[in-house]
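**Student:** Under full-length UniProt numbering, think of the first position of the sequence shown as 1, with each following residue one higher.
Among the hints, erroneous ones may be present.
[Unchecked claim] Straight-line distance between alpha carbons at most 25 Å, and here's what the computed SDA-like set of lysine to any residue pairs gives:
| no. | residue 1 | residue 2 |
| --- | --- | --- |
| 1 | K119 | D140 |
| 2 | K119 | V131 |
| 3 | K119 | F28 |
| 4 | K119 | H168 |
[Claimed, not checked] Pair ranges (Cβ atoms, derived):
| no. | residue 1 | residue 2 | range |
| --- | --- | --- | --- |
| 5 | G117 | L165 | 43 to 51 Å |
| 6 | A138 | P172 | 18 to 26 Å |
| 7 | G80 | V186 | 37 to 45 Å |
| 8 | P29 | P75 | 19 to 27 Å |
| 9 | A53 | F183 | 41 to 49 Å |
Think of the hints as simulated: they come from the structure by calculation, not from any bench.
For each residue, glycine too, the CB sits at the ideal point set by N, CA and C.
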Amino acid sequence: MTPGGLGPMRYVAPPSMMHNETFAELIFPGFGSRSFIWRVSCLQVLEFISSLAVGQQNGAPATCTLFLMGASWGPSIAKGGLWRLIAPMGLHANMLHLFFNIFFQLRMGFGMERQFGFKKFMSLYMLCGLVGNLISVAVDPFKLAVGASTAGFGLVGVWLAEIFLSWHVLGPHRDRTMVWVAFVTVGCIVMSTMQPNIDMFGHFGRAGYG
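Given only the sequences and the hints, what does the whole structure look like? Please build it.
**Tutor:** Shown next as structure tokens:
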């Protein structure tokens with residue numbers, strides 16, 4: 001009780017103990033600069049800049065540049081270029097492709113990394129990308145394909161599986177979850193059809209594998 005009998009006193013934390021969310025945390029819940037997803041996203045941005053420096057056409061990396069830097073290409077993989085199953089995760093067809101993939105994987109990735117841990121999440125990310133590229137090459141070996149979504153949509157598969165398994169306990173959050181699922185689905189379809197070098201088969205293959 002307060003000295004004047006006006007009711008229970010409420011504790012107010014001093015400013016030093018109160019945490020104000022940064023702009024990054026508002027957009028990307030769980031943001032952490034030491035996380036794997038943040039580091040790999042920064043590397044992907046740097047690789048995009050490098051691809052423009054190597055050779056560009058109309059403000060986007062030239063097709064020959066993407067090939068030289070490791071785009072997925074069935075005949076080269078069949079001859080032993082297995083590194084092309086990993087390298088496409090760092091390459092992007094244009095600025096919009098890069099922006100969408102980075103935003104998407106950061107939006108989902110921070111929370112998932114906190115849930116699974118740094119090492120397990122890193123393994124999941126890389127494995128989804130590898131398997132997704134294998135599926136893509138098997139379906140269309142003569143498609144030159146790139147995109148960080150080689151791993152991002154594998155995370156979508158994991159996320160959708162979690163939603164399915166926990167649907168009965170989501171309660172009032174179901175509507176918001178369905179809106180986000182619809183947004184992700186539409187985004188996947190749009191980005192898969194915008195440019196010839198964006199890997200549509202890999203998108204859905206990764207989601208299925210996840």
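**Student:** Does each hint fit the structure? Answer for all of them.
**Tutor:** Hint check results:
no. : hint                    : verdict
1   : K119 - D140             : 32 Å, violated
2   : K119 - V131             : 18 Å, holds
3   : K119 - F28              : 20 Å, holds
4   : K119 - H168             : 30 Å, violated
5   : G117 - L165: 43 to 51 Å : 19 Å, violated
6   : A138 - P172: 18 to 26 Å : 42 Å, violated
7   : G80 - V186: 37 to 45 Å  : 38 Å, holds
8   : P29 - P75: 19 to 27 Å   : 42 Å, violated
9   : A53 - F183: 41 to 49 Å  : 33 Å, violated
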